[in-house]
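Q: Could you build the full structure based on these sequences and the hints that come with them?
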Amino acid sequence: MSPRIKMLRKVLNPPQINGFNPYGSKLGIESRESVNLFYEEYEALRLCDYDGYNHQEASAMMSVSRPTFTRIYASALRKIAKAFVEGKQITIKGGKVYFDSDWYQCHQCRCYFNNPEKDKSIESCPLCGNHQIEKFEYDNSTDENEDELMTELCKCPNCGFEQEHQAKTPCKQLVCKKCHTTFQRNES
Amino acid sequence: MKIAITSTGNTLESTIDPRFGRCAYYVFYDTETKATEFIPNPNKDAEGGAGPASVQFVASKNVNKIISGEFGMKIKSLLDSLKIQMIVHKEQDKTIQEIIEMLNH
Ligand SMILES: [Zn+2]
Ligand SMILES: [Zn+2]
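Protein sequence lines correspond, in order, to chains A and B. Quick note, the first sequence lines up with residues 0 to 187 if you use numbering that gives the first Met the number 0. Quick note, the second sequence lines up with residues 0 to 104 if you use numbering that gives the first Met the number 0.
Quick caveat, the hints were computed from the structure, so don't treat them as lab data. A portion of the hints provided could be inaccurate.
To be verified - Result set (BS3-like, lysine-lysine): computed pairs, CA atoms no more than 27 Å apart in a straight line: (1) B:Lys60 - A:Lys177; (2) A:Lys117 - A:Lys134; (3) A:Lys119 - A:Lys25; (4) A:Lys92 - B:Lys73; (5) A:Lys117 - B:Lys1; (6) A:Lys134 - B:Lys1; (7) A:Lys176 - B:Lys43; (8) B:Lys73 - A:Lys119; (9) B:Lys89 - A:Lys119; (10) B:Lys82 - B:Lys43; (11) B:Lys73 - B:Lys1; (12) B:Lys60 - B:Lys43; (13) A:Lys176 - B:Lys60; (14) B:Lys73 - A:Lys177; (15) B:Lys1 - A:Lys176; (16) B:Lys60 - A:Lys119; (17) B:Lys43 - A:Lys117.
Unchecked claim - Beta-carbon label-pair distances, calculated as ranges: (18) A:Gln131 - B:Pro39: 32 to 42 Å; (19) A:Tyr52 - B:Gln96: 49 to 59 Å; (20) B:Ala34 - A:Tyr49: 48 to 58 Å; (21) B:Gln91 - A:Asn129: 45 to 55 Å; (22) B:Glu12 - A:Gln88: 53 to 63 Å; (23) A:Ser123 - B:Gln91: 18 to 28 Å; (24) B:Gly8 - A:Tyr52: 49 to 59 Å; (25) A:Ile16 - B:Glu12: 51 to 61 Å; (26) A:Tyr49 - B:Glu97: 25 to 35 Å; (27) B:Lys43 - A:His179: 24 to 34 Å; (28) A:Asn53 - B:Gly8: 46 to 56 Å; (29) A:Gln15 - B:Glu12: 51 to 61 Å.
This structure is a prediction, so every number in the text was calculated from the model and none was measured. A virtual CB, placed ideally from N, CA and C, is assigned to each residue, including glycine.
A: Here it is as structure tokens:
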């Protein structure tokens, strides 16, 4: 049985606007700088503070772990606070890919590896067995282009078959590859 | 435990293939039986989505670890969610034989 591949994040409702402009600056100069909110940060805020889901529910809806969700949410708040206080524009675009595992480097064979089992600690290199390993500051969130980020799954209302949502094609026009029923967006 | 290694060819003298999704062969190595199996990458020439398709292929072989030269961002997150360990080895002249010897440290 092949494991089901989970999509990393789901952004169910892209924002209706591209951002916000400040006005009436007391300094007399309008700041040209902007703060960029990623789609998943917007989404985290929307789910929690607009739709009223708790972090547990919202992280499940975005298909990310609780710690990852907490990071996304905290980052959204920090950015908005910065824009408010410093009178900066807010743009909403792009996104990041988040990893839940930690990365290490082996001192002997120089390979890099992650620890997919969070509850077990790693003591030696999985390749050469050397015990001198070092936690590696692998930026565990990386910029990625918009198209890939916006991947969503559409679920067949009849047979449950899931396929990637096609950008620019309304889901209601998609036809199931399996049973030919018309699709609906997977809202779960 | 089963480990997948990306390979440029189908012998033990072949070198590690730096591309995960578009490597020439996958070597499946069983650490208990010491058996190796070379399987041509079915997605080598896929038009798009070679990465996710390769993840699915390798995962279907029930591997616990994958050794390759690099993993793309999307691949990393998929393997992460499947709890398959990634080992990034950047020395491109390493042969499959040498990698297996390292594994049997
Ligand atoms: Zn090592
Ligand atoms: Zn169907």
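Q: Please work out if A:Lys117 and A:Lys134 have their alpha carbons no farther apart than 27 Å.
A: 14 Å, holds
Q: Between B:Lys73 and A:Lys119, does the CA-CA distance stay at or below 27 Å?
A: 24 Å, holds
Q: How does the Cβ-Cβ distance of B:Lys43 and A:His179 compare with 24 to 34 Å: does it lie in that range?
A: Between B:Lys43 and A:His179, where Cβ atoms are some 31 Å apart, the hint holds.
Q: Tell me if the straight-line CA distance from A:Lys176 to B:Lys60 falls inside 27 Å.
A: With a Cα-Cα distance of about 25 Å, the restraint between A:Lys176 and B:Lys60 holds, given a limit of 27 Å.
Q: With a cut-off of 27 Å on the C-alpha distance, tell me whether B:Lys89 and A:Lys119 pass.
A: Status holds; Cα separation ~26 Å.
Q: Using the Cβ atoms, figure out if B:Gln91 sits within 45 to 55 Å of A:Asn129.
A: Cβ of B:Gln91 to Cβ of A:Asn129: about 21 Å, so the range 45 to 55 Å is violated.
Q: Tell me if the straight-line CA distance from A:Lys134 to B:Lys1 falls inside 27 Å.
A: 25 Å, holds
Q: Holds or violated: are the alpha carbons of B:Lys73 and A:Lys177 at most 27 Å from each other?
A: 26 Å, holds
Q: For the pair supplied as a hint, A:Lys119 and A:Lys25, is the alpha-carbon distance within the 27 Å limit?
A: Answer violated: A:Lys119 to A:Lys25 is near 54 Å, above 27 Å.
Q: Taking 27 Å as the top limit, are the C-alpha atoms of A:Lys176 and B:Lys43 close enough?
A: Within the cut-off at roughly 24 Å; holds.
Q: Holds or violated: B:Lys43 and A:Lys117, Cα atoms, limit 27 Å.
A: The given pair, whose Cα atoms are some 32 Å apart, is violated under the 27 Å limit.
Q: Taking the CB of A:Tyr49 and the CB of B:Glu97, does the distance hold inside 25 to 35 Å?
A: 55 Å, violated
In the structure shown, a violation is registered for the earlier hints numbered 3, 15, 17, 21 and 26, in ascending order.
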